[in-house]
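Visitor: Use these hints to put chain A onto chain E, whose structure you have.
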Amino acid sequence: MRVRVEQTALPGIGVRHDLVMASGRRIGVVSHRSGRRDLVLYDQDDPDACIASLPLTDDEAEALADLLGASLMLGQLAGLRSQAAGLLTEQISIPAGSPWAHRRLGDTRARTRTGASIVAVLRDREVIASPAPSFAFQTGDVVVVVGTREGLDGVAAILAETEPDG
Amino acid sequence: MHDLSILLIELGTVLLGLSLLGRIGRRVGLSPIPLYLIAGLAFGEGGLLPLSASEEFIEVGAEMGVILLLVMLGLEYSAGELVGNLRSSAPAGLIDAVLNAVPGAAFALLMGWDWVAALVLAGITWVSSSGVIAKVLSDLGRLGNRETPVVLSVLVIEDLAMALYLPVLTAVLAGVSLAAGATSLVIAVATVVIVLLVAIRFGNAISAFIAADDAEALLLGVLGVTLLVSGMADKLQVSAAVGAFLVGIALSGPVAHHAVQLLTPLRDLFAAVFFVFFGLSTHPAEIPHVLLPALALAVLTMATKVLTGYLGAKRAGIALPGRFRAGLALMPRGEFSIVIAGLAVAAGVEPQLASLATAYVLITVITGPMLARIPDTEWFKAMLRRRTATVPAHPMPQTDTSL
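Residue numbers (the working numbering), protein chains in the order written: chain E, 2 to 167; chain A, 6 to 408.
Any given hint might turn out to be false.
Claimed, not checked - Derived CB-CB ranges, DEER-like:
#1 Leu57/E / Thr393/A: 32 to 42 Å
#2 Ser35/E / Leu274/A: 18 to 28 Å
#3 Gly85/A / Arg5/E: 17 to 27 Å
#4 Gly25/E / Ser93/A: 22 to 32 Å
#5 Met237/A / Gly25/E: 15 to 25 Å
#6 Gln8/E / Ala195/A: 30 to 40 Å
#7 Leu114/A / Leu57/E: 45 to 55 Å
#8 Gly322/A / Glu151/E: 55 to 65 Å
#9 Ala210/A / Ser35/E: 21 to 31 Å
#10 Gln8/E / Arg32/A: 34 to 44 Å
#11 Pro270/A / Ser94/E: 50 to 60 Å
#12 Ala185/A / Leu42/E: 51 to 61 Å
#13 Gly85/A / Ser94/E: 47 to 57 Å
What the hints assert, rightly or not - Here are some chain E residues the structure puts well away from chain A; computed CB gaps all over 12 Å:
#14 Val120
#15 Gln139
#16 Glu162
To be verified - Stretch by stretch, here's where chain A covers chain E in the computed footprint (C-beta under 8 Å, at least three residues):
#17 13-22
#18 44-58
These are calculated hints, taken from the structure and not from any lab test.
Note that beta-carbon positions come from the ideal geometry of N, C-alpha and C, so glycine has one too.
Pulled out of the complex, with its shape left as it was, chain E reads as follows (with noise of 0.2 Å):
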């Protein structure tokens, strides 16, 4: 599943980065000298033509990176497990007026009651890995489950809860 990524030198600016997707579209990066970052998006019709060049800072571009690869990790992640063990994984969200926002990742008992295992969670674009009990949630968090069919059912009947405490 190795992606062909072709680099091509711009003498005086720096070097652009570009891959064909599967969709047959192409996308690429323009690295400056100077740090800048443009994300290049070319025209259907015209294949030698950057529709779309958007400038990235830093930041943005870290940020987007973290997404992206993220997403990455997390499908591999995924994938190995249902190859190796049989375990799953799911992502179970905590929705706006969810019981469980602002409350501790520990009174779930996840583990306990299921057998299932809270791996990460994701929030405002970054990765919280193996969060600790004392977790506080918050409205908009993705969990990040690892288990069995069932316990992955499990945690998201204990996170759809709306008496915790049951």
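Guide: This is chain A only, laid out in the frame that chain E set:
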């Protein structure tokens, strides 16, 4: 003291005027180069507001401008990039040289000028303006385009070719004998080659010698080395500009990066002075006489540049729209053409040359960036689609074997 006050007042007025022009230019999306040239015309002899006391100062400033323009150009490239480009893009560079230098030379001979003037005009029409074109590509959001490396490598080859052309021109302009000319040519070529080799091998060591951590020491160090080498190059008749260019190439890594940041404001100041100075040395009254020839030359050599870009992009496997984008982007001539013309004028070649070069650069540098937008217009795209529709079986660049 009286002279000093006049000098300050004149310089202040000139710089303020340039700042105003630059601002206006940016608002309408125009490169400041033509505006500075026009300002120079206005301040020169026979202009609206001739300068009296500051001409000498401006002349020295202009020399500094050329040197800074060239050292910055060199800093943009690493020696590895230049040589790497040379291997892959030599054919495109050769097409570029033949298509664009020959019309200039032929034109000079048609005007009844001697072969020295022909050599000068060949250089003027040959070199595109790296500064203006890089700016245009970035403004039009084309840095990511697949034909852009073709355009950039043509510019690199031209810049490298200038490192050989300028010493030759300097020798010819100095009016030395054939033997002495050949000697200085050999010295020039050898110097350029040696510096390139040293820069590739020991670029890091040279850069390490000038530490990048202290801004003031770095600024003075880089400027000092540049002026020193330029001066020595000038003594060897290799041209000060080439010396500066080579210094720029030899520096790399963090030193180059910081030097660019430190020198950019200085370059902007002195380059502006240089363009004004060139405008100063042109008589506005002569412009109308050369306007028609300049226009003809501009139309001819802008067309040959389009062809250069078209062929270069075609070689790189770029489809039809990209070929036109590459060609139309290459049209503006700028700082280098003025540098060449400046050398010729200082040496007293053909009095009409300065005004012709001014008018020529004005035309190409103003209309070039405007024409570069044509391939983005709907009617142009529609026209290309109609054309490709009538010629079957070449939607993909690889399958296109017809011209």
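Visitor: Please go over all the hints and tell whether each is borne out by the structure.
Guide: Evaluation of the provided hints:
1. Leu57/E / Thr393/A: 32 to 42 Å: holds, 34 Å
2. Ser35/E / Leu274/A: 18 to 28 Å: Once the Cβ atoms are compared, 21 Å apart, the range 18 to 28 Å for Leu274/A and Ser35/E holds.
3. Gly85/A / Arg5/E: 17 to 27 Å: holds, 24 Å
4. Gly25/E / Ser93/A: 22 to 32 Å: Because 28 Å falls inside the window, the suggested range holds.
5. Met237/A / Gly25/E: 15 to 25 Å: violated, 57 Å
6. Gln8/E / Ala195/A: 30 to 40 Å: Given range 30 to 40 Å: holds, Cβ gap about 34 Å.
7. Leu114/A / Leu57/E: 45 to 55 Å: holds, 52 Å
8. Gly322/A / Glu151/E: 55 to 65 Å: Since the Cβ atoms of Gly322/A and Glu151/E sit about 56 Å apart, the hinted range of 55 to 65 Å holds.
9. Ala210/A / Ser35/E: 21 to 31 Å: For Ala210/A and Ser35/E the Cβ distance comes to about 25 Å; the hint holds.
10. Gln8/E / Arg32/A: 34 to 44 Å: With Cβ atoms ~37 Å apart, the hint holds.
11. Pro270/A / Ser94/E: 50 to 60 Å: The hinted range 50 to 60 Å holds for Pro270/A and Ser94/E, with Cβ atoms some 51 Å apart.
12. Ala185/A / Leu42/E: 51 to 61 Å: holds, 58 Å
13. Gly85/A / Ser94/E: 47 to 57 Å: holds, 50 Å
14. Val120: Non-interface label stands for Val120/E: nearest chain A Cβ at 38 Å, farther than 12 Å.
15. Gln139: For Gln139/E, whose nearest Cβ neighbour in chain A is about 38 Å away, the distance exceeds 12 Å, so it holds.
16. Glu162: holds, 50 Å
17. 13-22: holds (count 4)
18. 44-58: Per the Cβ count (7), the hint holds.
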